[in-house]
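Student: Residue numbers (our numbering), protein chains in the order written: chain R, 1 to 173; chain X, 1 to 306.
What the hints contain is simulated information worked out from the structure, not anything from laboratory work.
Since the structure is predicted, the reported quantities are computational estimates derived from the model, not experimental observations.
Every residue gets a Cβ at the ideal spot worked out from N, C-alpha and C, and that includes glycine.
Heads up, some of the hints might be wrong.
Stretch by stretch, here's where chain X covers chain R in the computed footprint (C-beta under 8 Å, at least three residues) [unchecked claim]:
1) 57-65
2) 80-88
3) 116-127
25 Å max Cα-Cα, derived DSS-like pairs, lysine-lysine [what the hints assert, rightly or not]:
4) Lys36/X x Lys121/R
5) Lys92/R x Lys120/X
6) Lys35/X x Lys121/R
7) Lys48/R x Lys145/R
8) Lys35/X x Lys92/R
Here are some chain R residues the structure puts well away from chain X; computed CB gaps all over 10 Å [stated by the list, open to error]:
9) Asp141
10) Val155
11) Glu167
Each chain is listed here by its residues.
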Amino acid sequence: MDADRIGRSLARIAHEILERNHHVEELALIGIRRRGVPLAKRLAQAIKDIHHHDIPTGALDITLYRDDLMRTAIAAQPVIRRTEIPFSIDDKRILLVDDVLYTGRTIRAALDALIEFGRPKAIQLVVLVDRGHRELPIKADYVGKNLPTSVTQSVQVHLTEIDGCDEVEILES
Amino acid sequence: MKKDLLSIDDLTTGEIHLILDTTEAMREIGQRPIKKVPTLRGKTIVNLFYEPSTRTRTSFEIAEKRLSADTLNIAVATSSVLKGETLADTAMNIEAMSPDMIVLRHPSSGAGHLLSRICKSRIINAGDGMHEHPTQALLDAFTIREHKQRIDGLKVTIVGDLLHSRVLRSNVRLLTKLGAEVWVSGPPTLVPMGIERFGVRVSANIDEAVADADVIMMLRIQQERMHGAFIPSLREYFNTFGMTMARVTRAKPDVIIMHPGPMNRGVEIASEVADGPYSVILEQVANGVAVRMAVLYLLAGGAEVD
Chain R
1 MDADRIGRSL ARIAHEILER NHHVEELALI GIRRRGVPLA KRLAQAIKDI
51 HHHDIPTGAL DITLYRDDLM RTAIAAQPVI RRTEIPFSID DKRILLVDDV
101 LYTGRTIRAA LDALIEFGRP KAIQLVVLVD RGHRELPIKA DYVGKNLPTS
151 VTQSVQVHLT EIDGCDEVEI LES
Chain X
1 MKKDLLSIDD LTTGEIHLIL DTTEAMREIG QRPIKKVPTL RGKTIVNLFY
51 EPSTRTRTSF EIAEKRLSAD TLNIAVATSS VLKGETLADT AMNIEAMSPD
101 MIVLRHPSSG AGHLLSRICK SRIINAGDGM HEHPTQALLD AFTIREHKQR
151 IDGLKVTIVG DLLHSRVLRS NVRLLTKLGA EVWVSGPPTL VPMGIERFGV
201 RVSANIDEAV ADADVIMMLR IQQERMHGAF IPSLREYFNT FGMTMARVTR
251 AKPDVIIMHP GPMNRGVEIA SEVADGPYSV ILEQVANGVA VRMAVLYLLA
301 GGAEVD
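Let the sequences and hints guide you as you build the complete structure.
Tutor: If you want it as structure tokens, here you go:
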């Protein structure tokens with residue numbers, strides 16, 4: 001996936017979001033750190049371009065909710081980044097945004113984290129890439145691209161805001 | 001990170017910055033409606049306190065609870081220590097119940113190192129005699145960094161009972177490591193011999209020491225550790241080394257005044273300074289919880305195999 005494909009996927013998802021949610025004022029975008037955050041900001045801009053409405057946007061770090069944190073005795077702890085949700089999520093329709101949907105464990109952690117901030121009316125999941133191999137009963141509502149992969153491969157999303165360029169690549173490991 | 005946090009010397013500069021950055025993220029949890037994350041679920045942490053403490057013990061306990069650890073407090077007043085049990089025996093008995101971490105406060109320097117040799121649990125030094133109090137220095141550094149956006153190149157002046165202060169020793173190690181210019185001042189009887197070797201400037205003249213300071217850190221006169229006549233009287237001490245508004249004005253206009261607590265008002269610090277606009281003393285307390293959450297989280301993971 002190159003920059004052009006990523007841009008068009010996000011534009012399509014923005015339209016789909018507006019098609020499915022009639023009350024735009026109830027929407028809020030929350031990106032999962034790290035690469036879900038720039039994606040959420042881009043979607044907010046895309047929705048604003050279509051509908052001239054500012055969607056509140058936040059960032060969620062799920063590290064402290066991971067289910068694999070204390071399993072290894074030798075590895076150093078993963079770095080925690082800031083969670084910034086500068087609005088109440090009560091009664092909002094939350095669009096949770098991440099780059100790659102794989103096992104579903106990140107999303108499980110994100111749902112746990114999110115629920116502690118309040119009671120949203122609904123949570124919908126947006127991902128740029130769905131690569132399959134779910135380990136939990138979790139499904140995305142909006143998908144940029146379905147990428148059939150094998151478990152030995154790794155899917156890397158690069159975004160200009162973090163990596164200097166927009167691309168999605170599949171690496172053999 | 002090493003297995004234990006006994007001294008600032010256990011930390012590299014990179015690890016110190018990691019702790020301070022993690023603190024930033026931890027602080028946000030304290031502002032949520034539900035101030036709790038599941039991270040240390042199922043971990044047992046023992047707070048073993050051989051000395052009175054309000055701030056440090058409460059701060060560790062709140063930090064542990066916000067990370068969902070199971071905590072228990074052992075205060076010496078209600079324990080078998082009164083029946084004559086040694087520290088090593090107490091430690092081995094606690095260790096037999098397999099906790100994951102022990103937070104130790106003890107009047108003897110090096111008590112944490114003793115536990116570290118006996119115990120598989122991770123040891124966090126919450127103050128050992130006149131040696132070190134690393135989490136205090138970390139929260140001080142965090143508070144300074146937040147106000148000044150840096151530590152490198154700042155003039156930090158530490159005034160008071162230097163001899164008995166573990167806060168001094170941890171802060172000097174940490175601040176010089178991060179590039180601050182550290183000045184210390186106090187009556188010659190309360191200045192430890194050879195302190196210059198830590199890379200600090202010593203001045204018996206407080207007005208010289210605080211001139212153009214970015215940070216002034218006051219230390220408590222520790223009467224409970226004074227077994228001799230170190231100062232003529234508290235009143236004279238206040239006149240010579242007490243922090244007054246007149247002295248504060250000799251420092252930089254944006255100076256911050258710190259104190260690790262508990263304060264002796266009218267002895268080392270005037271109330272007008274402690275409660276005044278330059279004081280960040282209560283911010284230090286607030287940041288203490290987040291710093292301890294960061295330390296607990298980072299230590300709970302893998303240790304470097306050494």
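Student: Now look at each hint and say whether the structure bears it out.
Tutor: Hints, verified against the model:
no., hint, in the structure
1, 57-65, "holds (count 3)"
2, 80-88, "holds (count 5)"
3, 116-127, "holds (count 3)"
4, Lys36/X x Lys121/R, "holds, 22 Å"
5, Lys92/R x Lys120/X, "violated, 48 Å"
6, Lys35/X x Lys121/R, "holds, 22 Å"
7, Lys48/R x Lys145/R, "holds, 23 Å"
8, Lys35/X x Lys92/R, "holds, 21 Å"
9, Asp141, "holds, 26 Å"
10, Val155, "holds, 26 Å"
11, Glu167, "holds, 28 Å"
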